[in-house]
Amino acid sequence: MPLDRRKLEENFFKVLMIASTFIVVGSLLAVLILVILKGAPALSLSMLTQTPKGGYYLGKGGGILNAIVGSLYVAGGASTIAFVIGLPTALYLSEYAKRSKLASLTRQSLDILWSVPSIIYGVFGYIIMIYLGMRASLLGGIMALTLLELPIMIRAMDEVIKIVPLKLKEASYALGATRLETVLKVVSRQALPGILTAILLAFGRGIGDAASVLFTAGYTDSIPVSLFDPAATLPLAVFFQLGTPIPEVQQRAYASAVILLILVLSISIASRLLTRKFSKFVVR
Amino acid sequence: MNDMLKPRVIIQKLNVFYEGRQVLKDVTVNIPENQITAIIGPSGCGKTTLLKSLNRLVDLVDGVRFSGKVLVDGANIFDNGIDITEIRKRMGLISQTPNPLPMSIYDNVAYGPRIHGTKDREKLNQIVKQCLQAAGLWDEVMNRLGEPASKLSIGQQQRLCLARALAVKPEVLLCDEPTSALDPVSAEHIERQLATLKKDYTIVFVTHILRQAKRIADYVIFLYLGEVIEQGKAETFFTKPQDPRTQAYIEGKSITWTEVEKTEIDEAHTDKIS
Numbered sequence: 000m001p002l003d004r005r006k007l008e009e010n011f012f013k014v015l016m017i018a019s020t021f022i023v024v025g026s027l028l029a030v031l032i033l034v035i036l037k038g039a040p041a042l043s044l045s046m047l048t049q050t051p052k053g054g055y056y057l058g059k060g061g062g063i064l065n066a067i068v069g070s071l072y073v074a075g076g077a078s079t080i081a082f083v084i085g086l087p088t089a090l091y092l093s094e095y096a097k098r099s100k101l102a103s104l105t106r107q108s109l110d111i112l113w114s115v116p117s118i119i120y121g122v123f124g125y126i127i128m129i130y131l132g133m134r135a136s137l138l139g140g141i142m143a144l145t146l147l148e149l150p151i152m153i154r155a156m157d158e159v160i161k162i163v164p165l166k167l168k169e170a171s172y173a174l175g176a177t178r179l180e181t182v183l184k185v186v187s188r189q190a191l192p193g194i195l196t197a198i199l200l201a202f203g204r205g206i207g208d209a210a211s212v213l214f215t216a217g218y219t220d221s222i223p224v225s226l227f228d229p230a231a232t233l234p235l236a237v238f239f240q241l242g243t244p245i246p247e248v249q250q251r252a253y254a255s256a257v258i259l260l261i262l263v264l265s266i267s268i269a270s271r272l273l274t275r276k277f278s279k280f281v282v283r
Numbered sequence: 000m001n002d003m004l005k006p007r008v009i010i011q012k013l014n015v016f017y018e019g020r021q022v023l024k025d026v027t028v029n030i031p032e033n034q035i036t037a038i039i040g041p042s043g044c045g046k047t048t049l050l051k052s053l054n055r056l057v058d059l060v061d062g063v064r065f066s067g068k069v070l071v072d073g074a075n076i077f078d079n080g081i082d083i084t085e086i087r088k089r090m091g092l093i094s095q096t097p098n099p100l101p102m103s104i105y106d107n108v109a110y111g112p113r114i115h116g117t118k119d120r121e122k123l124n125q126i127v128k129q130c131l132q133a134a135g136l137w138d139e140v141m142n143r144l145g146e147p148a149s150k151l152s153i154g155q156q157q158r159l160c161l162a163r164a165l166a167v168k169p170e171v172l173l174c175d176e177p178t179s180a181l182d183p184v185s186a187e188h189i190e191r192q193l194a195t196l197k198k199d200y201t202i203v204f205v206t207h208i209l210r211q212a213k214r215i216a217d218y219v220i221f222l223y224l225g226e227v228i229e230q231g232k233a234e235t236f237f238t239k240p241q242d243p244r245t246q247a248y249i250e251g252k253s254i255t256w257t258e259v260e261k262t263e264i265d266e267a268h269t270d271k272i273s
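Sequence order for the protein chains is A and B. So that you can map any letter, position 218 of the first sequence is 217 in numbering that gives the first Met the number 0, and since no number is skipped, the others follow by simple counting. So that you can map any letter, position 114 of the second sequence is 113 in numbering that gives the first Met the number 0, and since no number is skipped, the others follow by simple counting.
In case anyone wonders, no lab produced these hints; they're calculated from the structure. Check before you lean on any hint, since a few could be wrong.
A few chain B positions that, by computed beta-carbon distances, are all more than 12 angstroms from chain A [as the list claims (entries may be wrong)]:
1) K5
2) E32
3) D61
4) L70
5) T84
6) S103
7) K118
8) I215
9) L224
10) G231
11) T238
12) E250
Pulled a few chain A residues facing chain B out of the computed Cβ check, cut under 10 angstroms [said to hold, decoys possible]:
13) I162
14) L165
15) L174
Quick list of in silico lysine-lysine cross-link-like pairs, DSS-like style, CA-CA up to 30 angstroms [stated by the list, open to error]:
16) A:K279 - B:K118
17) B:K150 - B:K12
18) A:K184 - B:K122
19) B:K150 - A:K161
20) B:K150 - A:K166
21) B:K12 - B:K197
22) B:K168 - A:K184
23) B:K150 - A:K276
24) B:K128 - A:K166
25) A:K161 - A:K97
26) A:K184 - B:K128
27) B:K168 - B:K118
The beta-carbon is built from N, C-alpha and C at its ideal position, and this holds for glycine as well.
Produce the complete structure using the sequences and hints provided.
See the structure below:
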């Protein structure tokens, strides 16, 4: 009975696929629920508004404002620099170099850079800093994180710029526009929602990364006031707090994790909303 | 051939190759001033390439090569050192499918004047209004100029593209089957606008729809496999064609072409606008 067997196959694989999907969605929920359940009790307003009190970063009092602000500084700075370098690169790749050897070499390099573990960027930054005689600082952290974010941002932008329809560019050229005018006024405009998504994607990756900032940004209880001050970051706050044997401090690590999670989630949601808002003029 | 008509664009021995494949062969034609010239012929015969050679949009194709001359006011637009943006400004293009830019209705029309240096708001307002009126769209959009152009219907979008082309004050309007994506009513609208515009512009109109060419053309160029088979004033072209291939094409008969092309000719006859 070949038909029965085929039916059975069909059903078996259907169940398999559904089960796999459930595992994926379930893991997301499990992570969210577990972290929030553990962290929520220790979460308080002072966690968000104060710097640590009572002992070097293992303090039981105060909050982790130092790490929140530090993370925003480091990831914000890195994303800004990565954007400033990344957008021209992406535009060059997709609108000028296109399918040339240089372009494919650059794309390959970016793909490799994307897969380089972030600790390598941390080590690289550390070596450079020693060479320059710098100590762990906000600037160092920003530099290391920029390296981490660049390939993510450029490749994501490259993909969205590449799919801008030729007919839009033709329309611009046919009116006597130069290549630069076409790229800046038409191509970037059409790709704007995708470009924003690329920025937020890179920012999200950056703010959550611990390894690249471990040696480069360092850690501190205070909020950095200059680029040359060390800066605390949320992933490291979680790492250090969880590493202590003191239960109260460990509890605060969970709370820090919740804050980081909320930050990343709000970026993800903001990215969706912004994309929708800026899609208004996009031609489909 | 067209001794009565003053030529606006003179094309001499134009050859165009894509990656070594010859698309246009020794095309020599005159485009008469202030007339509607229809370029007809089956799909793939080089109509669009000929049209896009006139504003050098063929340059965008990878691996394109050309020889010959396209003279506008005595200057060959294929000369090195010619300002391509200036050529394109003088040769407005309306594409096969409407291609509004990702911006508002107003900004679509103002795009051209802006890149060519018009910054004054008053002046831009005036241009936008005039051009939308000339394209027969003003009344429909005057109260929503800030809305995305992509919100307009396809027919409105095509008239917007016409307005956008007019905004840079071109001398020639190149229309690449501008009604092929439109419903009959919108198509008729475009045809009517073009008929009124010909007193101020030289119009080149690519179409594979014979009835349409008969309706609007003053002058006809028949292209087949990249070659000009016949050209002449519309009356003579349609009533007394010289070349047997023209005659066959006009009558929808197949003599030399393959099955595929014949189907296209049949399609051309089941013209949407009757």
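Given hint A:K166 paired with B:K150 - CA-CA distance at most 30 angstroms: 17 angstroms, holds
30 angstroms Cα cutoff - pair B:K150, A:K161: 24 angstroms, holds
Restraint status (C-alpha distance of B:K150 to A:K276 at most 30 angstroms): 15 angstroms, holds
Nearest-CB test (12 angstroms) between chain A and B:E32: Its Cβ never comes within 12 angstroms of chain A, the nearest being 21 angstroms, so this holds.
A:K184 paired with B:K122 [C-alpha distance capped at 30 angstroms]: 21 angstroms, holds
Assertion that B:T84 lies outside the chain A interface [Cβ separation over 12 angstroms]: 4 angstroms, violated
30 angstroms Cα cutoff - pair A:K161, A:K97: OK: A:K161 and A:K97 at ~9 angstroms, within 30 angstroms.
Proposed proximity, B:K118 with B:K168 (alpha carbon, max 30 angstroms): Roughly 16 angstroms between the alpha carbons, so the hint for B:K168 and B:K118 holds.
Exclusion check [B:I215 not at the chain A interface, CB over 12 angstroms]: 21 angstroms, holds
Interface hint outcome for A:I162 [beta carbon to chain B under 10 angstroms]: This hint is violated: A:I162 lies away from chain B, its Cβ roughly 13 angstroms from the closest one there, beyond 10 angstroms.
Given hint B:K118 paired with A:K279 - CA-CA distance at most 30 angstroms: Given pair A:K279, B:K118 holds - Cα atoms ~25 angstroms apart, limit 30 angstroms.
Interface exclusion of B:L224 relative to chain A, criterion Cβ beyond 12 angstroms: Holds, because the least Cβ-Cβ distance between B:L224 and chain A comes to about 25 angstroms, which exceeds 12 angstroms.
In summary, the numbered hints that this structure violates are 3, 5, 6, 13, 17.
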